[in-house]
Structure formats: structure tokens, C-alpha cells
Amino acid sequence: MMGCSVYGTYDSFWSLLLNILVILIIVGLAFFLINRSYLVDSGNNERFARLEKDFEDIRRTVEDIKEKLDEI
Numbered sequence: 000m001m002g003c004s005v006y007g008t009y010d011s012f013w014s015l016l017l018n019i020l021v022i023l024i025i026v027g028l029a030f031f032l033i034n035r036s037y038l039v040d041s042g043n044n045e046r047f048a049r050l051e052k053d054f055e056d057i058r059r060t061v062e063d064i065k066e067k068l069d070e071i
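Numbering-wise (numbering that gives the first Met the number 0), the sequence shown opens with residue 0 and increments by one.
By construction, these hints were calculated from the structure, which means they are not laboratory data.
Fair warning: this is a prediction, and the values are worked out from it, not measured in the lab.
We put the CB at the ideal spot given by N, CA and C, even for glycine.
Some hints could be false.
What the hints assert, rightly or not - Quick list of the computed label-pair ranges, beta carbon to beta carbon: (1) R49 with I24: 35 to 45 Å; (2) E51 with N18: 47 to 57 Å; (3) I25 with A48: 32 to 42 Å; (4) R46 with E66: 46 to 56 Å; (5) L28 with R49: 24 to 34 Å.
Start from the sequences, fold in the hints, and give me the full structure.
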């Protein structure tokens, strides 16, 4: 019974090819999801930088208004 196979070499070739294809699809999907998470993360960083810039602008405006009120 050792070494006896039910399937021929033709079937094993196609099953090997199918296994390789499935592995490549899974690896490609993993890379796609990882890259997508980096893109989303960089988008959040850009939004955070804009929010920080807006906060600085508002703070300067409030300081200017405070100075003008002190003059009055």
C-alpha cells in the first residue's frame, strides 16, 4: 500500500497548480489589505495635521481678539 496513489500524475499536476493559485490569491489579498491599512492610516495623519493647523489658526485669532479687547 505504500507509494500507491489513487490519482495519476495528471490530476496531481492540476491539484498542485490549484493549490499554488489559492496560496497566491491569499498572499495577494493579505498584501492588499496591509497596504490599504497603511493608506487609511496616512489619511488619518493628514486629517490630524490639518486639524492641528486649524487649531493653531484659531488660537492665534483668539489671541488677536484678546489683545484688541485689552486695548479697548
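Comparing the hints with the structure gives:
{"no.": "1", "hint": "R49 with I24: 35 to 45 Å", "in the structure": "holds (38 Å)"}
{"no.": "2", "hint": "E51 with N18: 47 to 57 Å", "in the structure": "holds (50 Å)"}
{"no.": "3", "hint": "I25 with A48: 32 to 42 Å", "in the structure": "holds (35 Å)"}
{"no.": "4", "hint": "R46 with E66: 46 to 56 Å", "in the structure": "violated (31 Å)"}
{"no.": "5", "hint": "L28 with R49: 24 to 34 Å", "in the structure": "holds (32 Å)"}
The structure does not agree with numbered hint 4 stated previously, though it agrees with all others.
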